[in-house]
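Single-letter residue listing:
Protein chains: 2
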Amino acid sequence: MAKDDKFSVTPWTVTGKVDYDKLIKKFGTQPLDDNLKRRLEKLSNGSHVLIRRNTFFSHRDFDKVLDDIENGMGFFLYTGRGPSGPMHIGHIIPFVMTKWFQEKFKANVYIELTDDEKFLYDEKFSLDDSRKWSYENALDIIALGFDPDRTFIFQDTEYIKNMYPLAIKVAKKINYSLVKAVFGFKNETNVGMIFYPALQVIPTFFERKRCLIPAAIDQDPYWRIQRDLAEGFGYFKASAIHNKFLPPLTGPEGKMSASQPETAIYLSDGPEIVKKKIMKYAFSGGQATVELHRKYGGNPDLDVSFQWLKLFFEEDDAEVDRIEKEYRSGQMLTGELKEILINKINEFLEVHRAKREEAKETIKDFKVNGQLALKMWNTILE
Amino acid sequence: MAKDDKFSVTPWTVTGKVDYDKLIKKFGTQPLDDNLKRRLEKLSNGSHVLIRRNTFFSHRDFDKVLDDIENGMGFFLYTGRGPSGPMHIGHIIPFVMTKWFQEKFKANVYIELTDDEKFLYDEKFSLDDSRKWSYENALDIIALGFDPDRTFIFQDTEYIKNMYPLAIKVAKKINYSLVKAVFGFKNETNVGMIFYPALQVIPTFFERKRCLIPAAIDQDPYWRIQRDLAEGFGYFKASAIHNKFLPPLTGPEGKMSASQPETAIYLSDGPEIVKKKIMKYAFSGGQATVELHRKYGGNPDLDVSFQWLKLFFEEDDAEVDRIEKEYRSGQMLTGELKEILINKINEFLEVHRAKREEAKETIKDFKVNGQLALKMWNTILE
Numbered sequence: 052m053a054k055d056d057k058f059s060v061t062p063w064t065v066t067g068k069v070d071y072d073k074l075i076k077k078f079g080t081q082p083l084d085d086n087l088k089r090r091l092e093k094l095s096n097g098s099h100v101l102i103r104r105n106t107f108f109s110h111r112d113f114d115k116v117l118d119d120i121e122n123g124m125g126f127f128l129y130t131g132r133g134p135s136g137p138m139h140i141g142h143i144i145p146f147v148m149t150k151w152f153q154e155k156f157k158a159n160v161y162i163e164l165t166d167d168e169k170f171l172y173d174e175k176f177s178l179d180d181s182r183k184w185s186y187e188n189a190l191d192i193i194a195l196g197f198d199p200d201r202t203f204i205f206q207d208t209e210y211i212k213n214m215y216p217l218a219i220k221v222a223k224k225i226n227y228s229l230v231k232a233v234f235g236f237k238n239e240t241n242v243g244m245i246f247y248p249a250l251q252v253i254p255t256f257f258e259r260k261r262c263l264i265p266a267a268i269d270q271d272p273y274w275r276i277q278r279d280l281a282e283g284f285g286y287f288k289a290s291a292i293h294n295k296f297l298p299p300l301t302g303p304e305g306k307m308s309a310s311q312p313e314t315a316i317y318l319s320d321g322p323e324i325v326k327k328k329i330m331k332y333a334f335s336g337g338q339a340t341v342e343l344h345r346k347y348g349g350n351p352d353l354d355v356s357f358q359w360l361k362l363f364f365e366e367d368d369a370e371v372d373r374i375e376k377e378y379r380s381g382q383m384l385t386g387e388l389k390e391i392l393i394n395k396i397n398e399f400l401e402v403h404r405a406k407r408e409e410a411k412e413t414i415k416d417f418k419v420n421g422q423l424a425l426k427m428w429n430t431i432l433e
Numbered sequence: 052m053a054k055d056d057k058f059s060v061t062p063w064t065v066t067g068k069v070d071y072d073k074l075i076k077k078f079g080t081q082p083l084d085d086n087l088k089r090r091l092e093k094l095s096n097g098s099h100v101l102i103r104r105n106t107f108f109s110h111r112d113f114d115k116v117l118d119d120i121e122n123g124m125g126f127f128l129y130t131g132r133g134p135s136g137p138m139h140i141g142h143i144i145p146f147v148m149t150k151w152f153q154e155k156f157k158a159n160v161y162i163e164l165t166d167d168e169k170f171l172y173d174e175k176f177s178l179d180d181s182r183k184w185s186y187e188n189a190l191d192i193i194a195l196g197f198d199p200d201r202t203f204i205f206q207d208t209e210y211i212k213n214m215y216p217l218a219i220k221v222a223k224k225i226n227y228s229l230v231k232a233v234f235g236f237k238n239e240t241n242v243g244m245i246f247y248p249a250l251q252v253i254p255t256f257f258e259r260k261r262c263l264i265p266a267a268i269d270q271d272p273y274w275r276i277q278r279d280l281a282e283g284f285g286y287f288k289a290s291a292i293h294n295k296f297l298p299p300l301t302g303p304e305g306k307m308s309a310s311q312p313e314t315a316i317y318l319s320d321g322p323e324i325v326k327k328k329i330m331k332y333a334f335s336g337g338q339a340t341v342e343l344h345r346k347y348g349g350n351p352d353l354d355v356s357f358q359w360l361k362l363f364f365e366e367d368d369a370e371v372d373r374i375e376k377e378y379r380s381g382q383m384l385t386g387e388l389k390e391i392l393i394n395k396i397n398e399f400l401e402v403h404r405a406k407r408e409e410a411k412e413t414i415k416d417f418k419v420n421g422q423l424a425l426k427m428w429n430t431i432l433e
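Sequence lines, in order, name chains D and P.
Take 52 as the starting number for the first sequence in my numbering and just add one per residue.
Take 52 as the starting number for the second sequence in my numbering and just add one per residue.
Relax, there's no trap hidden among the hints.
Given that identical chains are not distinguished, each listed pair holds provided it fits within a single copy or across any two copies.
Below, in silico cross-link-like pairs of lysine-lysine (DSSO-like), each with a Cα-Cα straight-line distance of 30 Å or less:
| # | residue 1 | residue 2 |
| --- | --- | --- |
| 1 | Lys212 | Lys260 |
| 2 | Lys331 | Lys57 |
| 3 | Lys212 | Lys415 |
| 4 | Lys406 | Lys157 |
| 5 | Lys175 | Lys260 |
| 6 | Lys224 | Lys183 |
| 7 | Lys175 | Lys212 |
| 8 | Lys175 | Lys237 |
| 9 | Lys231 | Lys212 |
| 10 | Lys175 | Lys231 |
| 11 | Lys212 | Lys288 |
| 12 | Lys237 | Lys288 |
| 13 | Lys346 | Lys395 |
| 14 | Lys237 | Lys212 |
| 15 | Lys212 | Lys183 |
| 16 | Lys175 | Lys288 |
| 17 | Lys77 | Lys237 |
| 18 | Lys260 | Lys288 |
| 19 | Lys327 | Lys376 |
| 20 | Lys260 | Lys77 |
| 21 | Lys395 | Lys68 |
| 22 | Lys224 | Lys212 |
| 23 | Lys88 | Lys395 |
| 24 | Lys57 | Lys175 |
| 25 | Lys426 | Lys183 |
| 26 | Lys395 | Lys376 |
Treat the hints as calculated values from the structure; they're not laboratory data.
Next comes chain D alone, as it looks inside the complex:
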């Protein structure tokens, strides 16, 4: 948990305007610096917008993953999703990154759907709810293009038997003091939540290689626990790269929230809804009138549409520069900027919808029949 007067980041809530430099200091992680980026570019023969633009801004031991690529040992990837509702644009960032690493390095990917955790966390949420969303979210994840023979998607309540023996070994090493300190658990916290951190650690032990976890920074407390325990179990300390949150449409504070649909674009939003939401809600860095805007220019650092383009949607660096300059100078109006984002998002979502339909067929490969899934169902982690 990172808390100060201005913002707070925990695995369950984010409030205030997150200061990412402060977060690096508080969480004790490292900035993802140019040296690492250059090494990755060389090894991957490419570069990804999410890294170039610093959307992934922080890491733990990412340099060691690069070492393991260089020395031929390889690595595997792990990320997950708390299936608490429909997925929005912000949720896919770690998955897009994970898929890119898989493609570049032919690495195995493990995706945990934490139906137990989401049920345990939310008083009003039923287990049927979190299972329904596990299925729906899996379709959205698969649509991003994972390799069905190198990706295993599993739901905690379904895969528990394979994980439980190792989970209790991990649980035996985690006492109440620790989870109280790390997650802020209280006397009122239910015993399911208290046990759950042991389960989230287990996939980092799915292979005897280094595990790279692309995930939002709020999940880092779990990896801190993992890193204290891993070597005692004969595994590697997890390596992680941390992404910033895409700011909510409505402004730079907090993160997109399922309970406030106007803060987010959902993967299920049709072209008209996307247009309407961005036009109506996207927080603008522009001036109050066209005249003032032409005179003083807009502020792309505050403008959510520009931030979304920069953090994720516009892959072309030259184009991002052009937009930034024109907007800052006043040459480009907020409406024009929004139009660019609307088109980018709708292009993305059109492809996504088609791929999501196909995923209804292929989901069985990711969960059961694919090469990696078959292997994992035959593995009891001990």
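Could you slot chain P onto chain D? The hints should help.
Positioned in the frame of chain D, the structure of chain P alone reads:
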């Protein structure tokens, strides 16, 4: 937990000389009185030594189980074993009782082997240890004569997938305050132990009938939690009958302990060892010399050999009376009394050893292939 200056009873330790009347008050249970015993005798067309002699001395809602037998609804039985080592004579009391109820009323029996809990509890115990003992203990349990088509023996780490969805629903209703109060958990308690009580509740929900739990009184805290939750889940409050501990060979305090082999007779002890242990260690109520014994008589209330005969091993009431009188009068010497117990135990263990060999064949029916086992492996508790 029941603690006072003199004795303490928790699911993990028993110290001091247990005052069972006090325990009934502290735990808020009811004495198993003559009225209930008479009703049971009538319904069962019989009577069992463990009930006649008050070895089972306390209950919760046992009257309601008798109602449900009378009104034709029936009931089911649940008990368990923490597989922390070899089983001794004291361990089999609840199983002998359970088996009798099954035989008399053709009731289903569920036997939980808590390999997870024993591993989580003991710092030095490995999961392999508790699994090995799960197998060994299951053989001893089966040898007592359970019906392979009406008995399901399961190990938590093996059956977890079928229980976990319901276990997290139960866990969601149990907060840290509660387990702290009920079990005395501390900041140092590991998160596996903290979650575990939710799992021990689940078998009480295996059927939509009343569940009768014959178990030592130290397990009662779990049933208190169960009884607060059951009706909210649409199940019955568990009913329980509680047995006293057979006193350790070495004296009336505490309970037999695996770490002090001289305190217990193990089911694996051969005739010579039984003889030697009882002759050497069994706490005697006799006088210091034969002359004094003849003059003042022995004290059967303190004599562990007599207590074992009375609580379990001598089924014939008239014979118990005779022994008691003769010992109290000084007519029977401690050596003679011990001889009676040695013969009783060795007769029992000789039969047990043969049945335990047969259990190596039938264990698969209890765990996997029997009628009830088959049904339970196809059931996910929700």
